[in-house]
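Q: Sequence:
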Amino acid sequence: MCQHAWIGLEPIHSRESAQVLRSTNTAMSGPGTLTTAWVRKGARLTVPNGVATARLRFYHYMNVGWVALDDVEFIRVGQSQNLAPDPGFELGTGWGAVPTTGFPGTSLWRGGWGTGTPRSGTYAFAVSNHSYGTLQTDPIAVLPGATYTLSAWVR
Numbered sequence: 062m063c064q065h066a067w068i069g070l071e072p073i074h075s076r077e078s079a080q081v082l083r084s085t086n087t088a089m090s091g092p093g094t095l096t097t098a099w100v101r102k103g104a105r106l107t108v109p110n111g112v113a114t115a116r117l118r119f120y121h122y123m124n125v126g127w128v129a130l131d132d133v134e135f136i137r138v139g140q141s142q143n144l145a146p147d148p149g150f151e152l153g154t155g156w157g158a159v160p161t162t163g164f165p166g167t168s169l170w171r172g173g174w175g176t177g178t179p180r181s182g183t184y185a186f187a188v189s190n191h192s193y194g195t196l197q198t199d200p201i202a203v204l205p206g207a208t209y210t211l212s213a214w215v216r
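Quick note on this note's numbering: the sequence shown kicks off at 62 and runs consecutively.
Worth flagging that the hints you see were computed from the coordinates, not collected in a lab.
All residues carry an ideal CB built from backbone N, CA and C; glycine is no exception.
Certain hints may be false.
[Unchecked claim] Label pairs and their computed distance ranges (CB to CB):
| hint | residue 1 | residue 2 | range |
| --- | --- | --- | --- |
| 1 | Ser181 | Gly206 | 16 to 24 Å |
| 2 | Trp174 | Thr154 | 14 to 22 Å |
| 3 | Thr210 | Asp147 | 13 to 21 Å |
| 4 | Pro109 | Thr154 | 38 to 46 Å |
| 5 | Thr208 | Gly155 | 21 to 29 Å |
| 6 | Val138 | Gly173 | 28 to 36 Å |
| 7 | Ser168 | Thr107 | 14 to 22 Å |
| 8 | Arg105 | Asp147 | 21 to 29 Å |
| 9 | Gly173 | Val100 | 15 to 23 Å |
Using the sequences and the accompanying hints, generate a full structural model.
A: As structure tokens, then:
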């Protein structure tokens, strides 16, 4: 399946722009790390002081194969509101596919069957084939210094 895939939080509008604060490996260390069964992966992330806006990014890096993503959660510790926009990809809003120039074989697809068969609901997101691709959210307001739990179901 997939060799390297991460989901992380990227601060924006700060001195630390374009750096991932922390990421959690959804799959790593060679083909077959993920199976066709959905698995929940996640981590706790602390927002640096001075950062008030961030985005969630799902990376597909140096792969031949595919990885699917569904039911994303981004919740401040001690709260219950999920801040991830369209966490199950049902509306098709709040997330953008960012293919990497020079790798036209990479496909980022919101689908309801095949590799995009959802864990729940009608849709999931699948990133497939050759090398690089990123799926990212629109900007999300965050609280500087706060800790968040970021998780997603992947396969």
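Q: All the hints need checking, so say for each whether the structure fits it.
A: Now for the hints, and whether the structure bears them out:
Between Ser181 and Gly206 the C-beta distance comes to about 33 Å, which lies outside the given range of 16 to 24 Å. Taking 14 to 22 Å as the suggested C-beta distance range, the pair Trp174 and Thr154 conforms, at roughly 21 Å. For Thr210 paired with Asp147, a C-beta distance near 18 Å keeps the hint of 13 to 21 Å intact. Checked against the hint of 38 to 46 Å, the C-beta distance between Pro109 and Thr154 comes to roughly 28 Å, which is inconsistent with it.
Between Thr208 and Gly155 the beta carbons are some 22 Å apart, a value that agrees with the proposed interval 21 to 29 Å. Hint check: Val138 to Gly173, Cβ distance near 33 Å, so the stated range 28 to 36 Å holds. Between Ser168 and Thr107 the beta carbon distance is about 34 Å. The supplied range of 14 to 22 Å is therefore violated. Distance hint check: the CB atoms of Arg105 and Asp147 are about 23 Å apart, consistent with the given range 21 to 29 Å.
For Gly173 and Val100, the hinted distance range of 15 to 23 Å is satisfied, since their beta carbons lie about 20 Å from each other.
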